[in-house]
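From first to last, the protein sequence lines are chains A and B.
Be aware that the first sequence starts at 8, since it is given in my numbering, and climbs by one per residue.
Be aware that the second sequence starts at 75, since it is given in my numbering, and climbs by one per residue.
The hints are simulated quantities; they were obtained by calculation from the structure and are not laboratory data.
We treat Cβ as the ideally placed atom computed from N, Cα and C, and that holds for glycine.
Accuracy of the hints is not assured; some may be wrong.
[Claimed, not checked] No more than 27 Å apart at the CA atoms, straight line, and that leaves these computed lysine-lysine pairs for DSS-like:
id: 1; chain 1: B; residue 1: Lys-157; chain 2: B; residue 2: Lys-131
id: 2; chain 1: B; residue 1: Lys-157; chain 2: B; residue 2: Lys-116
id: 3; chain 1: B; residue 1: Lys-152; chain 2: A; residue 2: Lys-52
id: 4; chain 1: B; residue 1: Lys-116; chain 2: A; residue 2: Lys-49
id: 5; chain 1: A; residue 1: Lys-49; chain 2: B; residue 2: Lys-157
id: 6; chain 1: B; residue 1: Lys-152; chain 2: A; residue 2: Lys-86
id: 7; chain 1: A; residue 1: Lys-9; chain 2: B; residue 2: Lys-131
id: 8; chain 1: A; residue 1: Lys-52; chain 2: A; residue 2: Lys-9
id: 9; chain 1: A; residue 1: Lys-86; chain 2: B; residue 2: Lys-131
id: 10; chain 1: A; residue 1: Lys-86; chain 2: A; residue 2: Lys-49
id: 11; chain 1: A; residue 1: Lys-49; chain 2: B; residue 2: Lys-152
id: 12; chain 1: B; residue 1: Lys-157; chain 2: A; residue 2: Lys-86
[Claimed, not checked] Some chain B residues close to chain A (C-beta under 7 Å, calculated; not the full set):
id: 13; residue: Thr-81
id: 14; residue: Gly-114
id: 15; residue: Phe-119
id: 16; residue: Ser-122
id: 17; residue: Glu-127
id: 18; residue: Ile-128
id: 19; residue: Lys-131
id: 20; residue: Phe-135
id: 21; residue: Phe-139
id: 22; residue: Gly-172
id: 23; residue: Glu-178
id: 24; residue: Phe-181
id: 25; residue: Gly-184
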Amino acid sequence: RKEVEQDPGPFNVPEGATVAFNCTYSNSASQSFFWYRQDCRKEPKLLMSVYSSGNEDGRFTAQLNRASQYISLLIRDSKLSDSATYLCVVNSDYSSYKLIFGSGTRLLVRP
Amino acid sequence: EPEVTQTPSHQVTQMGQEVILRCVPISNHLYFYWYRQILGQKVEFLVSFYNNEISEKSEIFDDQFSVERPDGSNFTLKIRSTKLEDSAMYFCASSERGQNRYNEQFFGPGTRLTVL
């Protein structure tokens, strides 16, 4: 089983749509969870950390389900500028500095 | 907003040559990292560095690789004898915190390494 698994997409949605991405991780010892976005040939940029209680930042909502080892990201009112690859990222385990990246889910927002 | 910077943006080298990739982490960050991304693949961890020593490294980070913090601001990755398969984008990252807590890592723009 892959360490971090994501649907590669692409998700092709109109502006204003709501879109959700999911991710599963294999190591139950993972402690920290993140969503990053990556534009083509650019660096990963931290979008938000994902906390156990779930958290929201403007149009973005992240949820964590530790029992199912599942993380989600919801984007409301999609903008053209949201078009990017969304990377689900977890740390290796409680004693590790290492971040493990998923392969990403590609989002295309059309006018 | 403080950011991680990297130089050069693109490095072309011949197989077998040594390369040094440079990074300036965010100034109040204490933890530093190198990752790489081969074209079309996912981002992979190479090494983490704290308090002037390697704290963790991956299987990719073999004897050909080394890291150094030569002064108070720079953090370097050296590849001693480059191979064709070292061609990738190399990202430097830094964080305020280390393991056991949310170590939000901020990435530099990357150095694209091409080995011919």
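Hint check results:
Straight-line distance between C-alpha atoms of Lys-157/B and Lys-131/B comes to about 19 Å, which keeps the hinted pair within the 27 Å bound. A distance of roughly 20 Å separates the Cα atoms of Lys-157/B and Lys-116/B; the hinted pair therefore holds under the 27 Å criterion. This hinted pair checks out: Lys-152/B and Lys-52/A have alpha carbons roughly 24 Å apart, not beyond 27 Å. Taking the CA atoms of Lys-116/B and Lys-49/A, the gap is near 13 Å; set against the 27 Å cutoff, the hint holds.
Simply put, Lys-49/A and Lys-157/B have alpha-carbon atoms about 23 Å apart, close enough for the 27 Å limit, and the pair holds. The straight-line distance between the Cα atoms of Lys-152/B and Lys-86/A is roughly 40 Å, outside the 27 Å bound, and the hint therefore fails. Taking the CA atoms of Lys-9/A and Lys-131/B, the gap is near 20 Å; set against the 27 Å cutoff, the hint holds. A threshold of 27 Å between alpha carbons decides the hint, and for Lys-52/A with Lys-9/A the separation of about 23 Å falls inside it, so the pair holds.
Proximity of Lys-86/A to Lys-131/B is assessed by CA-CA distance (about 38 Å); at most 27 Å being required, the pair is judged violated. The hinted pair formed by Lys-86/A and Lys-49/A meets the criterion: a straight-line CA distance of about 19 Å does not exceed 27 Å. Of the pairs offered as hints, the one joining Lys-49/A and Lys-152/B holds, with about 22 Å between alpha carbons and a cut-off of 27 Å not exceeded. Using a Cα cut-off of 27 Å, the hinted pair Lys-157/B and Lys-86/A is violated, with the two alpha carbons roughly 42 Å apart.
The restraint placing Thr-81/B at the interface with chain A is violated, with a minimum CB-CB distance near 14 Å, outside the 7 Å limit. A least Cβ separation of about 10 Å between Gly-114/B and chain A goes past the 7 Å threshold, and the interface hint is therefore violated. Among the interface hints, the one on Phe-119/B holds; its C-beta lies about 4 Å from the nearest C-beta in chain A, closer than the 7 Å criterion. Checking Ser-122/B against chain A: minimum C-beta separation of about 4 Å stays under 7 Å; hint holds.
Among the interface hints, the one on Glu-127/B is violated; its C-beta lies about 12 Å from the nearest C-beta in chain A, farther than the 7 Å criterion. Using the Cβ-Cβ criterion of 7 Å, the hint placing Ile-128/B at the interface with chain A is not satisfied: the shortest such distance is roughly 10 Å. The restraint placing Lys-131/B at the interface with chain A is violated, with a minimum CB-CB distance near 9 Å, outside the 7 Å limit. Using the Cβ-Cβ criterion of 7 Å, the hint placing Phe-135/B at the interface with chain A is not satisfied: the shortest such distance is roughly 11 Å.
A distance limit of 7 Å between C-beta atoms decides the matter here; for Phe-139/B the minimum to chain A is near 15 Å, and the interface restraint is violated. With a least beta-carbon distance of about 6 Å to chain A, the hint placing Gly-172/B at the interface is held under the 7 Å criterion. Look at Glu-178/B: its Cβ gets to within about 6 Å of chain A, closer than 7 Å, so that hint holds up. Because the beta carbon of Phe-181/B sits about 4 Å from the nearest beta carbon in chain A, less than 7 Å, this interface hint is met.
At about 5 Å, the closest approach between the beta carbon of Gly-184/B and any beta carbon in chain A falls short of 7 Å, and the interface hint on this residue holds.
Of the numbered hints stated above, those contradicted by the structure are hints 6, 9, 12, 13, 14, 17, 18, 19, 20, 21, listed in ascending order.
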